[in-house]
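**Q** Given next are the chains, with one letter for each unit.
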Amino acid sequence: MSEPRPVIPVIVWPGSNDDRDAQLALERLGAESPRIWHTDEELPRETAAVVLPGGFSYGDYLRCGAIARFSPVLRAVEAFAADGGLVLGICNGFQILTEAGLLPGALRPNASLSFVCRDVALQVERTDTPFTSRCVEGQALTIPVKHGDGCWFADDELLAELDANGQLVLRYAAGANPNGAVADVAGVLNAGGNVFGLMPHPEHAVDSLLGSDDGALILGSLVDAARLSLTAAV
Amino acid sequence: MRATVLVRPKPGILDPQGQAVESSLRHLGFEVSDARVGRLVDVDLATDDKVEALAQIERMCEQLLTNPLIESYEIELGEA
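Same order as they appear, the protein sequences are chains A and B. Anchor point for the first sequence: position 185 equals 185 in the numbering used here, and the numbering is continuous, going up by one each time. Anchor point for the second sequence: position 66 equals 1066 in the numbering used here, and the numbering is continuous, going up by one each time.
There may be inaccurate statements among the hints.
What the hints assert, rightly or not - Part of the chain B face toward chain A, derived, beta carbon under 7 Å:
| id | residue |
| --- | --- |
| 1 | N1067 |
| 2 | P1068 |
| 3 | L1069 |
| 4 | I1070 |
To be verified - In silico negatives: residues of chain A with every beta carbon more than 10 Å from chain B:
| id | residue |
| --- | --- |
| 5 | R63 |
| 6 | A106 |
| 7 | G211 |
Calculated directly from the structure, the hints in this document are not laboratory data. C-beta atoms are modelled at their ideal positions from N, C-alpha and C, and glycine is treated no differently.
Based on the sequences and whatever the hints tell you, model everything.
**A** The following block contains the structure:
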């Protein structure tokens, strides 16, 4: 018997440009991933997880993600997340989730003021999350980044709180921070443990032909968790 | 009524744009320190009532124009 294919929609805004890569990667990893337009007010009924892809939603005017957070589909994503639904934001998707208040912190222009586009070394801090379960603790991953505004910021008080809660799940390896992010943070989990955002692009690293398939560990973890929620609901 | 919102990176927030501007000013021979770069938003409001205008702009700042985690703002009201 083949395993059930969980439905993991990928949201598309005007200016999204990684939605097809995310769709392709998720479908290769065993999910069903329809692309959902930003004006849709509802997610498909069978939705087991949602992915907010990279790109430049609505041109990223004002601040990255600041305008996309008001799109109709995000009301549905917020409701889904509030019910404990799994939400993954990649790059611009991460920026949108922070602007929407679904994830802590904010993303600022890179300290270098330059757009960075290259593979980076990462370290997995926790594996007991729906987004990193296929990794081993302390595992080194190589996944590309490509962004101009990836400098994650939290003030000292918030940072200490997130650290104590174990929400700083993914960090750039020592010396590999590409953007000046506080505490080398590359990916953050919400307090509920069901919403995760990261600047690196796992969907661009799912085939060793492209240099690394470490991204499949992140997306594969999500597919596993989504499939689990599916069987739990039956 | 015309409103102007001045948005600034909060103190302590790394401001690479400000640093680049400061460095360029120094290269030009100006003795400056701690340059910071923010944003200015001008907007025409339908109301001419100052209290109402301020209340509206405050809501705009909270909802969209600023991110309170990293930015502070100042409001100026003038003639349209």
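**Q** Run every hint past the structure and note whether it holds.
**A** Checked hints:
1. N1067: Holds: closest Cβ of chain A sits about 5 Å from B:N1067, inside 7 Å.
2. P1068: violated, 9 Å
3. L1069: With Cβ-Cβ at 5 Å, under 7 Å, it holds.
4. I1070: holds, 5 Å
5. R63: Check fails; 6 Å does not lie beyond 10 Å.
6. A106: violated, 5 Å
7. G211: holds, 29 Å
Checked against the numbered hints listed earlier, the structure breaks hints 2, 5 and 6; every other hint is satisfied.
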